[in-house]
Amino acid sequence: MALQLISANHAAGMAATMAGNANRSARGFCAGLYPITPSTECMEYLCVQELLKGQVVRVESEHSAMGVCIGAAASGARTFTTTSSNGLAYMAENVYVAALMRLPVVMVAANRALGPPWNLWADHGDSLMLRDSGWVQLYCADNQEVFDSVLMAYRIAEDRRVLLPVMVCQEGFILSHSMVETEVSSQEEVDLYLPPLDLPHRLRDDARTMGGVDTPAVTEAHRAQHHEAMSQVFEVYREAQEEFEAKFGRRPPDLLVPYKMDDAEVVLISMGTISSTVDHIVDEARSRGVKVGSIRVRGYRPFPELQLKEMLGGIGRVGVLDRDISLGFGGVLWGEVRGVAAPGAISQGYILGVGGGDVRPKHIEAVLKDLLERDSAEAPIVMETNL
Amino acid sequence: MSKSDIKGSFKVPLELRVHGRGGQGGVTLAKLIATLYSGLGLHVQTFGDYGSERAGAPIRAYTRVDETTVTNRNKVYNPDHLIVLDPGLLGPSVLDGTSSGALLLINTTEEGAEVAKRYPMLRVGVIDATSIARKHGIGTASVVIINTTLAGAYARLLGIPMEVVSEAYEKVGLAGDLAAAKEAYDSVEIFEAIESGEEASGGVEEYVLGSFPAILPLTGHVSERFAPVCTGDWRTQTPHYLFHEAPCNGECPAGNDVVGFIQTLKEDGVDAAAQRLLATQPFPSVCGRVCPAPCIGSCSRRLYDGAVNIRGLERWIGDNAEFPPIEKAENPEPKRIAIVGGGPAGLAAAFEAARAGHSATIYEANEAPGGVLRYGIPEYRLPGEVLDREVGRLRELGVKVVSSTVVNSEKLIELSAGNDAVIIAAGLGRLADLGFGELSGVEQGIAFLRAVKSGEKINLSEEDVVVVGGGNTAVDCARTALRLGAARVTLLYRRGREEMPAIDDEVADAIEEGVRLELYSQPVQAEGAGAISALEVAEVELYDYDETGRRRPVVTDRRRKIPCTRLFMALGQTPEAGLMPDVWQVEGERMLSGGAPLNVWLAGDLLTGAGTVAHAIGDGRRVAALALESNVAREEKPEVTPDGVRADFFESRPPMAEKHLQVADRLSSFAEVSEGITGPEEAERCFSCGTCTACDTCLYSCPEGVISRDGESYNIDGEFCKGCGICVAECPRMAMNMSGLESGRQ
Numbered sequence: 001m002a003l004q005l006i007s008a009n010h011a012a013g014m015a016a017t018m019a020g021n022a023n024r025s026a027r028g029f030c031a032g033l034y035p036i037t038p039s040t041e042c043m044e045y046l047c048v049q050e051l052l053k054g055q056v057v058r059v060e061s062e063h064s065a066m067g068v069c070i071g072a073a074a075s076g077a078r079t080f081t082t083t084s085s086n087g088l089a090y091m092a093e094n095v096y097v098a099a100l101m102r103l104p105v106v107m108v109a110a111n112r113a114l115g116p117p118w119n120l121w122a123d124h125g126d127s128l129m130l131r132d133s134g135w136v137q138l139y140c141a142d143n144q145e146v147f148d149s150v151l152m153a154y155r156i157a158e159d160r161r162v163l164l165p166v167m168v169c170q171e172g173f174i175l176s177h178s179m180v181e182t183e184v185s186s187q188e189e190v191d192l193y194l195p196p197l198d199l200p201h202r203l204r205d206d207a208r209t210m211g212g213v214d215t216p217a218v219t220e221a222h223r224a225q226h227h228e229a230m231s232q233v234f235e236v237y238r239e240a241q242e243e244f245e246a247k248f249g250r251r252p253p254d255l256l257v258p259y260k261m262d263d264a265e266v267v268l269i270s271m272g273t274i275s276s277t278v279d280h281i282v283d284e285a286r287s288r289g290v291k292v293g294s295i296r297v298r299g300y301r302p303f304p305e306l307q308l309k310e311m312l313g314g315i316g317r318v319g320v321l322d323r324d325i326s327l328g329f330g331g332v333l334w335g336e337v338r339g340v341a342a343p344g345a346i347s348q349g350y351i352l353g354v355g356g357g358d359v360r361p362k363h364i365e366a367v368l369k370d371l372l373e374r375d376s377a378e379a380p381i382v383m384e385t386n387l
Numbered sequence: 001m002s003k004s005d006i007k008g009s010f011k012v013p014l015e016l017r018v019h020g021r022g023g024q025g026g027v028t029l030a031k032l033i034a035t036l037y038s039g040l041g042l043h044v045q046t047f048g049d050y051g052s053e054r055a056g057a058p059i060r061a062y063t064r065v066d067e068t069t070v071t072n073r074n075k076v077y078n079p080d081h082l083i084v085l086d087p088g089l090l091g092p093s094v095l096d097g098t099s100s101g102a103l104l105l106i107n108t109t110e111e112g113a114e115v116a117k118r119y120p121m122l123r124v125g126v127i128d129a130t131s132i133a134r135k136h137g138i139g140t141a142s143v144v145i146i147n148t149t150l151a152g153a154y155a156r157l158l159g160i161p162m163e164v165v166s167e168a169y170e171k172v173g174l175a176g177d178l179a180a181a182k183e184a185y186d187s188v189e190i191f192e193a194i195e196s197g198e199e200a201s202g203g204v205e206e207y208v209l210g211s212f213p214a215i216l217p218l219t220g221h222v223s224e225r226f227a228p229v230c231t232g233d234w235r236t237q238t239p240h241y242l243f244h245e246a247p248c249n250g251e252c253p254a255g256n257d258v259v260g261f262i263q264t265l266k267e268d269g270v271d272a273a274a275q276r277l278l279a280t281q282p283f284p285s286v287c288g289r290v291c292p293a294p295c296i297g298s299c300s301r302r303l304y305d306g307a308v309n310i311r312g313l314e315r316w317i318g319d320n321a322e323f324p325p326i327e328k329a330e331n332p333e334p335k336r337i338a339i340v341g342g343g344p345a346g347l348a349a350a351f352e353a354a355r356a357g358h359s360a361t362i363y364e365a366n367e368a369p370g371g372v373l374r375y376g377i378p379e380y381r382l383p384g385e386v387l388d389r390e391v392g393r394l395r396e397l398g399v400k401v402v403s404s405t406v407v408n409s410e411k412l413i414e415l416s417a418g419n420d421a422v423i424i425a426a427g428l429g430r431l432a433d434l435g436f437g438e439l440s441g442v443e444q445g446i447a448f449l450r451a452v453k454s455g456e457k458i459n460l461s462e463e464d465v466v467v468v469g470g471g472n473t474a475v476d477c478a479r480t481a482l483r484l485g486a487a488r489v490t491l492l493y494r495r496g497r498e499e500m501p502a503i504d505d506e507v508a509d510a511i512e513e514g515v516r517l518e519l520y521s522q523p524v525q526a527e528g529a530g531a532i533s534a535l536e537v538a539e540v541e542l543y544d545y546d547e548t549g550r551r552r553p554v555v556t557d558r559r560r561k562i563p564c565t566r567l568f569m570a571l572g573q574t575p576e577a578g579l580m581p582d583v584w585q586v587e588g589e590r591m592l593s594g595g596a597p598l599n600v601w602l603a604g605d606l607l608t609g610a611g612t613v614a615h616a617i618g619d620g621r622r623v624a625a626l627a628l629e630s631n632v633a634r635e636e637k638p639e640v641t642p643d644g645v646r647a648d649f650f651e652s653r654p655p656m657a658e659k660h661l662q663v664a665d666r667l668s669s670f671a672e673v674s675e676g677i678t679g680p681e682e683a684e685r686c687f688s689c690g691t692c693t694a695c696d697t698c699l700y701s702c703p704e705g706v707i708s709r710d711g712e713s714y715n716i717d718g719e720f721c722k723g724c725g726i727c728v729a730e731c732p733r734m735a736m737n738m739s740g741l742e743s744g745r746q
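The listed protein sequences correspond, in order, to chains A and B. Here the working numbering is used: the first residue of the first sequence is 1, the next is one more, and so on. Here the working numbering is used: the first residue of the second sequence is 1, the next is one more, and so on.
Where hints are given, some of them may not hold.
Think about it this way: if two alpha-carbon atoms lie no more than 25 Å apart in a straight line, the pair counts; the simulated DSS-like pairs of lysine-lysine are [what the hints assert, rightly or not]:
id	chain 1	residue 1	chain 2	residue 2
1	B	Lys411	B	Lys335
2	B	Lys182	B	Lys171
3	A	Lys369	B	Lys75
4	B	Lys335	A	Lys362
5	B	Lys400	B	Lys411
6	A	Lys369	A	Lys247
One side of the interface only, derived from the structure: several residues of chain A facing chain B at Cβ under 10 Å [to be verified]:
id	residue
7	Ser7
8	Glu44
9	Tyr45
10	Gln49
11	Gly172
12	Glu181
13	His280
14	Ile381
15	Val382
Quick caveat, the hints were computed from the structure, so don't treat them as lab data. All of these numbers come straight from a predicted model, not from anything done at the bench. For every residue, glycine included, the Cβ atom is placed at its ideal position computed from N, Cα and C.
Generate coordinates for the entire structure from the input sequences, incorporating the hints supplied.
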């Protein structure tokens, strides 16, 4: 274990490399890669690593990058890719393929707004676009979480009860390019945490078709199985967390991260780095006597609905902060949360930090003030944070 | 000093903001500083403010330091420490959010005290990091990277010992820059805050939910418009139009503007092209036939799809243009100039003198001027009427020719006395010889050619003709002999085909017509009683290179005998002795008498021995200009380099072949063999190396759209040009270049 001052992009690249090397006694490692800001540095990091078994394949597009992962995963390799924004959109067809073929690919998505007009900065809209693709989605709030989540992602993806791809999401620049001291595990530790991958349905010497044609009845069954595998993630995640703590001596956060929720009457719910700014305001408001708490949603798919329902209990004021917008509806997270909030609660959606707007304490203050003062929920409020 | 002592010298949490320009290393500076703090056991966070910015654009970078994990993910709005890499950036937005007592470190060449005076509420550090980094060779000459130097100065401001700095540099692999950091550490000037007060600028304002600035909707744009982002002072280099000397122009011994006349032919037609040619020489039809054309040998198109047939184009212009009388300048002080010898050098000297308004008289030993053109080059290569037509141009210009007048040393003295200047362009009269004595049938090739051109009836049928030599005279003799019915013509040359000085096409024509080429062969003995009957020939081997760049021939004792009834020697010429008065000496191209310069100059082969018509023309003009104290040299330009021309820009198109007579028709007469090219289309193939043709490539390739047409040329908007150099790289013909800018930012 060593503390290094690195960006989250490098942290992700390091974790993927070690996870790949941990599979050296099995079918090795393969990364299909194509560069796009802000995930490029993660790719660059991987491209200069000496892999013990396997290789990095640089291709001509994101679609092919995932194609490489699909092929390699189908042959039993541990696989990785990283992309962002329009790259993810271009990759989308194969993103579905990986999931529907039940291949444990791990991807780090550096969240960035989709264009045009072009915008390079943080926005959860790109990975949320693939919310329904059948991938497990984890959203990180700091660099350490990115490193740890990549390792955990393989544990979860490759578990026989799951066998699904996992997308680890980190906000572009805010995480991808920020350098913070990060605890970097050793290869020996990672070897102990990630056993060699033995994919049950991998291609061996028996020639057969993967992903052929399904009749309606078979598709119905496959979807039900896929959905069921998703529901297994909660249990598998807990086990992966326990095991992680035992091996590495630190515990990655839960799928839902509550803060000062015990006696909360008002709650602010968010994903990613905005949550840390929210917590500053929770502290500040509590010092004024406001009984406010916060929840960070780290596991977005599968959606931890039951746990969230339990945490929200009878809370009457729920503010949901989305760094994304489902155009014609409102915040994507808000859409899911308001179905879980107590009947009659005010569930107000706030859309802020879209396209990389710098969400500062004053913005959260304004959100809390609005939430406390209102009599009923209204249409989601879109905010401009660079003012 | 312990780590905790050091930590006592500043308060945490602290926030730092770096202002720099893309490419200066500001983000790395913030990281380096974070490493310094991390080395003290503090928690840090560091990041850049990334955007789609190019080199030179203002950027910001940030570092946060705390005793515990940093969870704030915002940018820094109220910096405790501010580092400015470029004083050009200093302004209200840079100081935004700073409070009284904050630290400001500036990289500038300005006097420290002057800088500090402007920020009385701040603690100010001043350092000329650019000079230090440049001195230590960090970065490149145009982009000096100053971050590692500045971090040294910053450490000093904080009271961090140099050992901690060294440790941090080692850790991030920048130990090589430590010397610069140390120099900055030692030399930074520090000025304490002298006033205190409220926030220097900025402040905390309340945020109003749902307020938006007036931003034009995407559907509201009625035209595509670029945001006006001036880049002028960010760039480190700038493009401009700079014409270069094309290789063909550089190679032309006559000084022709080759690119100029070809482009004029293309753009403005044949008459305009003729005018362009007349600016340098009056004999396009002659040169277009007999020049060895080094221009073609150097043509940039040569290695692409074949050189442009420049000689063919010159001939086409000479033969097809309507030549107006050559313009003669009004000269208020006309001089009298006498020219000895009416060969190409003499004619060119007369042309130059007469055109400049002087009175020029040529003294010619033969009946008519022209020299080798008239008496040496066979009719089938240069018809007499072509020569007469072009020489006629000089007569129209007022050049007087005194024919059948041999100039000797007495006459020279007389000419020198009676003229303002005398130019001797008498050529080379003494002929080399094989030393075979007085056998009949052994002749000088020049004399043979002259006899044929003078109309003498010579019949060579049944004769075994051998010509010795590798130059144009040798080839001319061989081909002339064939036309006079020789049974067999053999050309002996002691080196290889590559080394033959004759025009390559002429050699090819000779072989095609039936001349047998025997290379690496040297005649050593002639046989025969009274008349030659056979020749003993030795095989030659080539050894090391001599001073002329050719391999030295060595005669071996491997011999053979070949039949030979006529032997023509074409072995080169040297100056005739006895022309100059004994008391004269030569210095360069000028004659002296008793050390004092005379008004007599040498020109042409007599001076240079170059042996081609084009060299003679160029030299005649040059010496005339010297004698008349004028100048014929073109403006000097940098040369086009092979990698400066982008052949792939041009469509491949093979050279236009010249039309030749059938071999059978050639041998039955002295009719001109080549009819030249059939039209001016060959001009389209010229790349116009080094000279803009207004092809718009620069305009199309500019990613900023800052190049615009301006009549026949272009304008580059320096305010918006970012200095990327794409226009220069894309220019197919090297008519532009980039030049570095001294940093205008200080």
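Cross-check of the supplied hints:
1. B:Lys411 <-> B:Lys335: 19 Å, holds
2. B:Lys182 <-> B:Lys171: 16 Å, holds
3. A:Lys369 <-> B:Lys75: 23 Å, holds
4. B:Lys335 <-> A:Lys362: 93 Å, violated
5. B:Lys400 <-> B:Lys411: 17 Å, holds
6. A:Lys369 <-> A:Lys247: At roughly 44 Å apart (the allowed maximum being 25 Å), Lys247 of chain A and Lys369 of chain A break the hint.
7. Ser7: 8 Å, holds
8. Glu44: 15 Å, violated
9. Tyr45: 15 Å, violated
10. Gln49: 17 Å, violated
11. Gly172: Check passed: Cβ of Gly172 of chain A comes within 9 Å of chain B, closer than 10 Å.
12. Glu181: 6 Å, holds
13. His280: Since the shortest Cβ distance to chain B is 7 Å, the answer is holds.
14. Ile381: 5 Å, holds
15. Val382: With a closest approach of 7 Å, the Val382 of chain A hint holds.
In terms of the numbered hints stated before, the structure departs from hints 4, 6, 8, 9, 10, listed from lowest to highest.
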